[in-house]
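Novice: Following the hints, put chain W in place on chain V, whose structure we already have.
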Amino acid sequence: MSENPSGAQPVAGHHVSLLVATRKGAWIYHSDAGRQNWRVDGPHFLGHVISHLVLDPRDRRTLLAAAKTGHLGPTIFRSTDGARSWAEAARPPAFAKAADGATGRSVDHTFWLTPGHADEPGVWYAGTSPQGLFRSEDGGVSWAPFSHINDDARYREWMGTVQDGTPDGPKLHSIIVDPRDPAHLYFAMSGGGVHESVDGGRSFAPLLDGLEVVEGFDASQPTFHDPHCVRLCPSNPDRLYQQNHCGIYRLDRPSTRWQRIGMAMPQADGDIGFPMVVHPRDADRAWVFPMDATSVWPRTSPDGKPAVYATRDAGASWQRLDAGLPTEQAWWTVKRQAMTADNRDEIGLYFGTTSGELWASRDEGAHWACIARHLPDIFAVEAVQWAEP
Amino acid sequence: MGRAVKVHIPGALRSYTESAEAQASGATLADVVAELDRLYPGIRFRMIDEQGRIRRHIRFFHNGQQVREPAQPLDAGGELVIVQALSGG
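Chains as they are written, first to last, in the numbering used here: chain V, 1 to 389; chain W, 1001 to 1089.
If we strip away everything but chain V, and leave its shape as in the complex, we get (with noise of 0.2 angstroms):
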């Protein structure tokens, strides 16, 4: 369908490369052995509004690209060469056919997308707007909605309308299997609050005690929940982390109740953000980055000073982190699936702004450089490493 128009090939093997996702088309950055120099392979689907760009980690090779543009459907475009070339979904994401007289729902865009359990090579799953969850068995090729969620009268009362959602339309995001049973599994959704299934999606529930919701509206009630990010630690799936309209939560299972971690963060920058970022061998660890979430909720850099806040005892104390990011009047924030870590020995953090900056520390958040500079406004970043040729 598409075919690679610079020509550069993935760096295999230990290199990092960055998978980034924009409103108007996607890029791959990838970087020498030090991760001091990137090379730029794009624009990919320049034009195309791509919500999320994601590598297989089971095979390191098939990569799928959440996709829409202005005039035309959404689709899944797939490559399995190092985005050399593309080949669309046969069937892309899409609700079931309403019955006669009534109004049925239409996919407006996928937003996330999620690799299944190493278990079960092939299967994908996809988040969209309006929201709904959808599964592939086939690598990404072909789509079908998945579990009873899409059409259950309550979870449909729980997903309010366009109207009740983020302004390009409410999302449900943040998939994630238990790395230890891919029968476990959670979701959330901008209107609607986190949800668990334990038997492989048969069955889903709100999973919304201690989270706070906007002064007013009921807590008790998963329409008025707005998870922004939530992510499992992998060194330790009992444990996850979540960005949410209302505060940084973290939650331990076998408990159901959400601690509110972001109380200790300082007063002035607060605990609202969109994106949640967690360290991959060590579940004490994970990192923030705040937005001013005053007065009209400005969605910018508070005070125009953007950081990084990271915590190392799981949300007791935060440290602020933006040696080499701007230091006044800068007005971007980073969305909820544009800042992420690789798996280095030490920690490479990467984020892209809502301004088009593409930024990256190799020091776990010590110390920053901005990469490149002029893309769209930046939707998601994924951190990866190919697979040897």
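FYI, nobody ran anything at the bench for these hints, they're computed from the structure.
There is no bait here: all hints are sound.
In silico negatives: residues of chain V with every beta carbon more than 12 angstroms from chain W: (1) R84; (2) R135; (3) R202; (4) T294; (5) V296.
So, partial list: chain W residues that the calculated Cβ filter (under 8 angstroms) puts toward chain V: (6) A1012; (7) P1041; (8) G1042; (9) F1045; (10) R1046; (11) M1047; (12) D1049; (13) E1050; (14) Q1051; (15) R1053; (16) R1055; (17) H1057; (18) I1058; (19) Q1084.
Cβ pair distances, simulated, as ranges: (20) W:E1021 x V:E346: 51 to 59 angstroms; (21) V:S85 x W:E1021: 19 to 27 angstroms; (22) W:R1068 x V:E346: 55 to 63 angstroms; (23) V:H367 x W:T1017: 46 to 54 angstroms; (24) V:D81 x W:R1068: 40 to 48 angstroms; (25) V:G200 x W:L1039: 37 to 45 angstroms; (26) V:E215 x W:Q1066: 46 to 54 angstroms; (27) V:D199 x W:A1020: 49 to 57 angstroms; (28) V:T103 x W:Q1066: 19 to 27 angstroms; (29) W:L1039 x V:T327: 56 to 64 angstroms; (30) W:N1063 x V:E215: 54 to 62 angstroms; (31) W:T1028 x V:L46: 32 to 40 angstroms.
Please read these numbers as outputs of a predicted model, since none were measured by experiment.
All residues carry an ideal CB built from backbone N, CA and C; glycine is no exception.
Specialist: Frame of chain V; chain W shown alone:
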């Protein structure tokens, strides 16, 4: 089925047809689009959603008249123009 309709393909869909024109037949707009999809798999879903509705920023004109519903009958032959309507920046 009738005579084939000459279909003018907008730029956004030429990755499917690799041409600015295509030929398809059908008694209704839905039939013509279904034949286009058989010839160029995937093209239908980019224009018509899973509920059978024409997408918000897609317009169809047959012999100069707008076709607003997929079930609308088409006279045989003539030209079907697919238009990318304004969708913003």
